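*Asks:* If you read the protein sequences in the order shown, they are chains A, B and C.
Using the working numbering, you'd call the opening residue of the first sequence number 779 and step up by one each time.
Using the working numbering, you'd call the opening residue of the second sequence number 779 and step up by one each time.
Using the working numbering, you'd call the opening residue of the third sequence number 779 and step up by one each time.
Rather than coming from a laboratory, the hints here were simulated on the basis of the structure.
The structure presented is a predicted model; accordingly, all values stated were derived computationally and were not measured.
We put the beta carbon where it would ideally sit given N, CA and C, even for glycine.
Some hints here could point you the wrong way.
[Claimed, not checked] Derived, one-sided and incomplete: chain C residues facing chain A with beta-carbon distance under 8 Å:
(1) VAL833
(2) TYR838
(3) GLU867
(4) PHE901
(5) GLY991
(6) PHE995
[Said to hold, decoys possible] Chain A is nowhere near these chain B residues, computed Cβ spacing over 12 Å in every case:
(7) ILE803
(8) VAL999
(9) LEU1003
(10) PRO1023
(11) ILE1086
(12) VAL1132
The lines below spell out each chain.
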Amino acid sequence: DTSSKVFLPENSQDTGPILYGFAQITGSQQFGTPGNEGLIFGAHRIRLGVKGTAVPGVTYNFQYKWDGAWMSGGSLENANKIFPGVSGESGVQDAEINFGFIPEVQLKVGKFRVPVGMERTQFGGDDLWFIQRSMNQSLGADRSAGIMFHSPDVMNTGVYYSLGVFDNHSLDGNNAFTLFGNGNPTGIANVGVPFVKTTAQTSVGGVLTQGSGRYLFAGMVGYKLNPLLNIELSGARADALNAGPGLANSITAWNVGARGGMMGLKYMGEYSHVTSYQGVGGLNANDWYVALAANLHEMTLTPDWLDIEPAVRFERFNWNYNGQAQYLNNTTLGINYSVNPDNPYAARIQLNYVIPTQGAAFRTAYAEGNTGAVPTNGYIYNTLVLQFQAGF
Amino acid sequence: DTSSKVFLPENSQDTGPILYGFAQITGSQQFGTPGNEGLIFGAHRIRLGVKGTAVPGVTYNFQYKWDGAWMSGGSLENANKIFPGVSGESGVQDAEINFGFIPEVQLKVGKFRVPVGMERTQFGGDDLWFIQRSMNQSLGADRSAGIMFHSPDVMNTGVYYSLGVFDNHSLDGNNAFTLFGNGNPTGIANVGVPFVKTTAQTSVGGVLTQGSGRYLFAGMVGYKLNPLLNIELSGARADALNAGPGLANSITAWNVGARGGMMGLKYMGEYSHVTSYQGVGGLNANDWYVALAANLHEMTLTPDWLDIEPAVRFERFNWNYNGQAQYLNNTTLGINYSVNPDNPYAARIQLNYVIPTQGAAFRTAYAEGNTGAVPTNGYIYNTLVLQFQAGF
Amino acid sequence: DTSSKVFLPENSQDTGPILYGFAQITGSQQFGTPGNEGLIFGAHRIRLGVKGTAVPGVTYNFQYKWDGAWMSGGSLENANKIFPGVSGESGVQDAEINFGFIPEVQLKVGKFRVPVGMERTQFGGDDLWFIQRSMNQSLGADRSAGIMFHSPDVMNTGVYYSLGVFDNHSLDGNNAFTLFGNGNPTGIANVGVPFVKTTAQTSVGGVLTQGSGRYLFAGMVGYKLNPLLNIELSGARADALNAGPGLANSITAWNVGARGGMMGLKYMGEYSHVTSYQGVGGLNANDWYVALAANLHEMTLTPDWLDIEPAVRFERFNWNYNGQAQYLNNTTLGINYSVNPDNPYAARIQLNYVIPTQGAAFRTAYAEGNTGAVPTNGYIYNTLVLQFQAGF
């Protein structure tokens, strides 16, 4: 009787919980920086998740993370006091419950991705074309807490949509909807905080009982014509609780994307625009990129066991720094290698080389400690990254 | 051979480890507060656990939590600097090992619930009648580290008991045995800390090697006569390491509870009393509540597929504030809906509306920042909470 | 169809992920200390891991920890403000990916044990002979991030080796390669930090993009002649980023160990030497120990169901304190009891009594707050520890 040796989900009567996860180990180095240079080893993403069907019609997905080899103490924690950000992050990545009784009007509740941005919503951390997402992510939203109506394919037409309302910020960091007064030049933070600290009671035993009356609204509509073309339009708007001089009272972001492919050749492009960035009002930052990838294995240009995929991305980030238009271009050259073509994301090695151009103003801003000026995934020095991935 | 595709516990020869977990997503709003008002989304409890039989006679249960959509950084962490408590909590919820060789005298070691309080010890976070436990919890103890002798049913008589000794505090927060000088008016904290910082060495490589010689003792005895009646008496006492003027040198809590039900109708009531509260000595706080629930599905009053359960709870918390008797009443109206009656806690939606009365003094105390006066689960404004739950 | 009730790994085509874990609950007390004394309960190690084969030739092992009953808040967190260290530690313990295509030259990447020290690398937290590892650990390295070539048995000769390069420190704490200027008398910390905070950009979206050009190199070679003899030599060297007066510019550690056994009788011994300790240069600390254990069950001296193992360890730690040679001896008497001899680590109880001698200087140093002088696992007062373990 081997059945006693397997994991028995306690209550599930239908589809058992599926455990999934992966880790990404990196070695990276920058070139041409003003300081010491050298290879540094690290862990990019480390994830563990459980998903399944609770009862017919109700599915769940809970994902936890220990990105950056997170520990609550130790060397990284201490190093973080010197250089904030190196200690990684742990916590709940996704906690979503989906009610799919009506396929065309499904309801999702919890913490999950705000429906803005093609790359952000269509690709997970373990199946990205490049090691890092595009700078485009800095201008959209990441995960937040809320509810969303959605359908992946309305009556088999190829049309899909999402329409959600969330607390007025992004729970996950490093984007336009994160605590968006934080790190701005005036030093006034927290304009995007969804909580109000008044004489009212706002938290009772773990339940946040009082909001600010401000929200983040987001919507997306897309169309999958055929494998060659998938277009998508999305947008989000959040109102700040309050804003200091020069800070944004609200932030609006929108994104248009297209992607497709055939026989191993793939393309993807996005354009994003935000009214405000890093809490500063009226900056109208925008970003566009185009990416191409050619899976030589799918194109049957390699031996059967060799799954190699060269990829290239050109991206341009536009911002207004002290009244002057500023640019940062990142060209990323990449090669993706899957150890087993039949299971490409279970064991994968990715090599990226990023070449920034026109980044002088960003380097200056960064040197002045004005780190908010640099988009999250924007490189300002030539950088080589090698990433090993294993998952299950 | 599909057996290689399932989760194989490494060492277990008997009952395989069982993975369990759930998440609760909330949307809530308060009415009549002095500040902004609005709906706020959040995650109440997020849990993952493993339990099973290590070897015959020895069972284990390890549960981890990420309540409040906890993350080590991000928006919540930053918001927490403004309003403490919003960032949730992560960590080990339970880590218990049970030696059950003698059914009448079982030994449990680890971190687990101190045996005080009927609702606290008989109901888990995913099968509560209401979204929040009663205020009664504030006057008892939560989980702590220690050892406990217990039996769930002594010689089939219906009598059960627990008798334990723990470090002199509750590891989990928000109750009478938590760091109980913390937040009191005099500002002297930590009277309940089980550790002493002397010139002695108190920690060696992860093992806490020196205690203070003060403990928390707790005991419970109960009787299950039949489905109609389960009565229970429990109590706990802890000695503080040291106490400032006005603070408690010790704290004693006791609880009496009764519950039962038949054909879908259920009742439960508890009375609790503590000598000290929030570290302040001699306050003699007490609390009582009665709760009723009627499962219309079990009563066969609804169609077979509809599992609806109205519930109501009336509770009164009594405290002594600056020499004057103070009261807080909370009336909770609730409706519980299980998506699938055969698996009621796998997918559940709960709606609660809480109406506080006689809470003026608490609102005043809260406005003065004297938050310790408000019991953990006590509402001081009308509050609506909707909670979605999925588990496995 | 029961297959839907088991945990299905998402992508694995070969060996399914194996979930493993354990918890260790302790009760301990010290004797002869200058302050309060008493039993204290705690959780030593709490672990959860997943390991398996991603694709043929590529294996992974991810382990998470909540040692010390870690929680992000609560009593322990507050107590930690008074006595640092009591709140435990959580995070990623191991995150390793192994490429084993060539058995003699396997490549491991991620966060894992630096190959220094016999006990450190050959024994896990759940199969140690004593509750704590030897003081020897303080003079070696723990886990770090890097890459390593290795083979467990070169061409069936019994010879094994490891050769790795890591960031220039140990990610896990409490050893010679941890942030090694921290806690030293001069107060200058962080000489071992692998990161540089210059005007260069060092972190992009979770990838640490710039190192300091300093590394930790480590190597090990061993030989398993037969069950009676396994010898091993290992060493590591790391360069500091910068060092204040009296602090080490580099640190070198080496270790030699031997172990073996027959029919239940086991021995193990190690000698370690470091040039610097706790960041202070030129101290030449060293340590040696010998340990013996006799498994009476394997020796068939006990009834078939009784698995008892007495064990003893004598250890001597030598250090230079303010120019004077100082010693700390720890004699550990232990008894290990496995509930089920067929599955000895699934449920185990260990009792240790540690007798320190010649520790007067360490007690003085500790009283002066000079805690760096005391090796991590060194006891300076008589200590009794009882530990319960359950695993799967």
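*Asks:* In terms of Cβ atoms, is chain A entirely out of 12 Å range of ILE803 of chain B?
*Replies:* Non-interface label on ILE803 of chain B violated, nearest chain A Cβ at 4 Å vs cutoff 12 Å.
*Asks:* Classify the label on ILE1086 of chain B as holds or violated, using whether its beta-carbon is more than 12 Å from each beta-carbon of chain A.
*Replies:* holds, 16 Å
*Asks:* Is the interface hint for VAL833 of chain C satisfied, with its Cβ closer than 8 Å to some Cβ of chain A?
*Replies:* holds, 4 Å
*Asks:* Are PHE901 of chain C and chain A close enough, Cβ to Cβ, to be under 8 Å, as the hint says?
*Replies:* This hint is violated: PHE901 of chain C lies away from chain A, its Cβ roughly 21 Å from the closest one there, beyond 8 Å.
*Asks:* Please check whether the beta-carbon of VAL1132 of chain B is more than 12 Å away from every beta-carbon in chain A.
*Replies:* Its Cβ does come within 12 Å of chain A, the nearest being 9 Å, so this is violated.
*Asks:* Holds or violated: PHE995 of chain C as interface residue toward chain A, Cβ cutoff 8 Å?
*Replies:* This interface hint is violated because 13 Å lies over the 8 Å limit.
*Asks:* At 12 Å, judged by beta carbons, does VAL999 of chain B keep clear of chain A as stated?
*Replies:* holds, 28 Å
*Asks:* Would you check whether GLU867 of chain C satisfies its interface hint, that is, whether its CB is within less than 8 Å of any CB in chain A?
*Replies:* holds, 5 Å
*Asks:* Verify that the Cβ of LEU1003 of chain B lies farther than 12 Å from every Cβ atom of chain A, and report whether the claim holds or is violated.
*Replies:* At about 29 Å from chain A, LEU1003 of chain B clears the 12 Å cut-off, so the statement holds.
*Asks:* Mind checking the CB of TYR838 of chain C against every CB in chain A and telling me if the closest is under 8 Å?
*Replies:* holds, 4 Å
*Asks:* Please verify that hint: GLY991 of chain C, Cβ, nearest Cβ of chain A, below 8 Å or not.
*Replies:* For GLY991 of chain C, the interface hint holds, since the closest Cβ of chain A sits about 3 Å away, which is under 8 Å.
*Asks:* Was PRO1023 of chain B rightly flagged as not at the interface, with every chain A Cβ beyond 12 Å?
*Replies:* holds, 29 Å
When held up to the earlier numbered hints, the structure conflicts with 4, 6, 7, 12 and fits the remainder.
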